[in-house]
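Asks: The residues making up each chain are set out below.
Protein chains: 2
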Amino acid sequence: MNELDTYYRGMYDDSRLTPEAALEARERIRAMIRVTPVMTSDVLDDLAGASLFFKCEHLQETGSFKLRGASHAVSRLPDDCPGVATHSSGNHGAALARAAALRGFPAEIVVPEGAVPAKVDNIRRNGGRVRFCPPTQQGREDALAELAAQGLFSPVPPYDDERIIAGQASCALELMEQVADLDTIVVPVGGGGLVAGTALAARSTERPIEVVGVEPAGADDTARSLAAGSRVADHRPETIADGLRALVGERNLDIIRRDVDRVLTVEEAAIVEAMRRIWIELKQLAEPSGAVALAGVLAYPECFRSRRVGVVISGGNIDVDALLAGLA
Amino acid sequence: MNELDTYYRGMYDDSRLTPEAALEARERIRAMIRVTPVMTSDVLDDLAGASLFFKCEHLQETGSFKLRGASHAVSRLPDDCPGVATHSSGNHGAALARAAALRGFPAEIVVPEGAVPAKVDNIRRNGGRVRFCPPTQQGREDALAELAAQGLFSPVPPYDDERIIAGQASCALELMEQVADLDTIVVPVGGGGLVAGTALAARSTERPIEVVGVEPAGADDTARSLAAGSRVADHRPETIADGLRALVGERNLDIIRRDVDRVLTVEEAAIVEAMRRIWIELKQLAEPSGAVALAGVLAYPECFRSRRVGVVISGGNIDVDALLAGLA
Numbered sequence: 004m005n006e007l008d009t010y011y012r013g014m015y016d017d018s019r020l021t022p023e024a025a026l027e028a029r030e031r032i033r034a035m036i037r038v039t040p041v042m043t044s045d046v047l048d049d050l051a052g053a054s055l056f057f058k059c060e061h062l063q064e065t066g067s068f069k070l071r072g073a074s075h076a077v078s079r080l081p082d083d084c085p086g087v088a089t090h091s092s093g094n095h096g097a098a099l100a101r102a103a104a105l106r107g108f109p110a111e112i113v114v115p116e117g118a119v120p121a122k123v124d125n126i127r128r129n130g131g132r133v134r135f136c137p138p139t140q141q142g143r144e145d146a147l148a149e150l151a152a153q154g155l156f157s158p159v160p161p162y163d164d165e166r167i168i169a170g171q172a173s174c175a176l177e178l179m180e181q182v183a184d185l186d187t188i189v190v191p192v193g194g195g196g197l198v199a200g201t202a203l204a205a206r207s208t209e210r211p212i213e214v215v216g217v218e219p220a221g222a223d224d225t226a227r228s229l230a231a232g233s234r235v236a237d238h239r240p241e242t243i244a245d246g247l248r249a250l251v252g253e254r255n256l257d258i259i260r261r262d263v264d265r266v267l268t269v270e271e272a273a274i275v276e277a278m279r280r281i282w283i284e285l286k287q288l289a290e291p292s293g294a295v296a297l298a299g300v301l302a303y304p305e306c307f308r309s310r311r312v313g314v315v316i317s318g319g320n321i322d323v324d325a326l327l328a329g330l331a
Numbered sequence: 004m005n006e007l008d009t010y011y012r013g014m015y016d017d018s019r020l021t022p023e024a025a026l027e028a029r030e031r032i033r034a035m036i037r038v039t040p041v042m043t044s045d046v047l048d049d050l051a052g053a054s055l056f057f058k059c060e061h062l063q064e065t066g067s068f069k070l071r072g073a074s075h076a077v078s079r080l081p082d083d084c085p086g087v088a089t090h091s092s093g094n095h096g097a098a099l100a101r102a103a104a105l106r107g108f109p110a111e112i113v114v115p116e117g118a119v120p121a122k123v124d125n126i127r128r129n130g131g132r133v134r135f136c137p138p139t140q141q142g143r144e145d146a147l148a149e150l151a152a153q154g155l156f157s158p159v160p161p162y163d164d165e166r167i168i169a170g171q172a173s174c175a176l177e178l179m180e181q182v183a184d185l186d187t188i189v190v191p192v193g194g195g196g197l198v199a200g201t202a203l204a205a206r207s208t209e210r211p212i213e214v215v216g217v218e219p220a221g222a223d224d225t226a227r228s229l230a231a232g233s234r235v236a237d238h239r240p241e242t243i244a245d246g247l248r249a250l251v252g253e254r255n256l257d258i259i260r261r262d263v264d265r266v267l268t269v270e271e272a273a274i275v276e277a278m279r280r281i282w283i284e285l286k287q288l289a290e291p292s293g294a295v296a297l298a299g300v301l302a303y304p305e306c307f308r309s310r311r312v313g314v315v316i317s318g319g320n321i322d323v324d325a326l327l328a329g330l331a
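Read top to bottom, the protein sequences are chains A and B. Numbering-wise (our numbering), the first sequence opens with residue 4 and increments by one. Numbering-wise (our numbering), the second sequence opens with residue 4 and increments by one.
Same shape as in the complex, but just chain A (with noise of 0.2 Å):
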């Protein structure tokens, strides 16, 4: 446990994550967040060898599920507040600043140099100000910790905290409504936070289902802790999967051991391919880390072969101009 931990730990002391604070967090994020639907199509269920159930976050405000664990860490917060914090490459940093603004809380984020612009965008017009920093573990931390030290802003981190872990849970108890008898869920992981609830989720109910992580390739960290029975923090992440170069946070690393089934790993190009497929077949716009999940099902359809399955879309924070500087 860092200093920043000791911070807020007074404010949210669960130090074992439990359903039940998942399905209290969910109560708690209800009026902040949207339900969003759920998407099928007969082609990609065709193609994977099972049904496969699109579970639409990038149709969450701010275009990706972390506004639910924010929403939950900033509901957190007492009244006064003197403002949030913390480091992001953009998703979880919109998420933030939207929380916080329906707070009438400030909201610092630091971001690393070399973001996706549409991401710093969509920080701003969500309300935060955003600091950059160097594009390391190291330097996230680092002007984290300096702003934080300043005392005007409560760091919430981006998914190594367990109102956010409980606060992602929201994303599958959602699903397991919205579908009935599913078999399978599948997130993508970066620092663990959405496949940590979704595990938890999970466990909210009698029917046993299959918690799957999957990873880009070129950021295994997940797979390669779990290899090596402790955390690998010496990884550098390097994917087209932008939202899913951080490293996976030690009380993630912890439920995943305990809660989830397995963690698959796909290649580059399997992860473009299946944001393609999305494109194509859904015409949603799903940004590659939200493409994660279905790349795992279509790489390895031996473990999801006539299951019901269901697919988060993470996110859809995509450099849009880049796309249209393609179709000229």
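Derived from the structure by calculation, the hints contain no laboratory data. Do not rely on the hints blindly, as some may be mistaken.
[Claimed, not checked] Partial list, computed: chain A residues near chain B (C-beta under 7 Å):
#, residue
1, 283
2, 286
3, 288
4, 319
5, 329
6, 330
[As the list claims (entries may be wrong)] Ranges of calculated distance between the beta carbons of each label pair, as one might list FRET restraints:
#, chain 1, residue 1, chain 2, residue 2, range
7, B, 181, A, 128, 51 to 61 Å
8, B, 153, A, 124, 50 to 60 Å
9, B, 324, A, 236, 35 to 45 Å
10, A, 106, B, 261, 50 to 60 Å
11, B, 144, A, 41, 37 to 47 Å
12, A, 272, B, 120, 38 to 48 Å
13, A, 257, B, 330, 34 to 44 Å
14, A, 230, B, 134, 26 to 36 Å
15, A, 183, B, 231, 53 to 63 Å
Because the structure is a prediction, the values reported are computed rather than measured. We treat Cβ as the ideally placed atom computed from N, Cα and C, and that holds for glycine.
We have chain A already, so just place chain B on it with the hints.
Replies: Chain B only, in chain A's frame:
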């Protein structure tokens, strides 16, 4: 009336299309089409100064509203129909192929050279046989007449056809049920099937609903025809909105003249900017033609201010590989 007309007139002779014909067509096609969702965006509402309700026809089966008219036309054919044929730059072709396949009829689709490859693929995916022709109105009509002369294929024109117009009306009929108290419905205008159908639908309710068509300035033959008092047939359309390059049909122009409140024109840059906005704010992969209605709303705010406006996103069949090339 040309000789192709004679072929099907006997089967569906409703020379004055009425709102009742639209309602009847909707019942006939109910099981063959999707009820498409309606989406909203606070950001786009602010931008337009109006309440916008986006009718998501890109989420229709085959990726465009065209399935509505094609399904209706095919529903009017006798069981012993040997097959169907049409000319289409893509969306009507895919729609007709699908509608025909549901009845077990083969479908021959005449496609102008230079059509968007994704749309040609989409015709084939839906079971259509593709024949290329010179990319002119005359080239299209000659090729279709040649097919029809073989006697093996019943021609189903893409827009200048009562069955098609009555079928396209179902889009607005649905929208009026989904959104209460609409003041205006805005649709793109190419051959005029959708706008004519929308006008029929609007006349089916007591509430006065304004119907607005929007054309690319580079394909403004409908506006020119209205100004000239007769159909302008020598226009060579040039626009990124490939679905709107057809010239307005005779029947369509008659209905537009009588029942459409106005036809606006928009520049190419406005179409691209509207498409960009739909991608960013709605995360929906509209094709250029599908963004033309929004382009009209944003270009002529005085026509829509403070009103409740239905905006039809007519299709989403875009060249995804070109977009991916921009991202690389």
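Asks: Hint numbers the structure violates, sorted upward?
Replies: Violated hints (numbers, rising): 7, 12, 14; every other hint is consistent with the structure.
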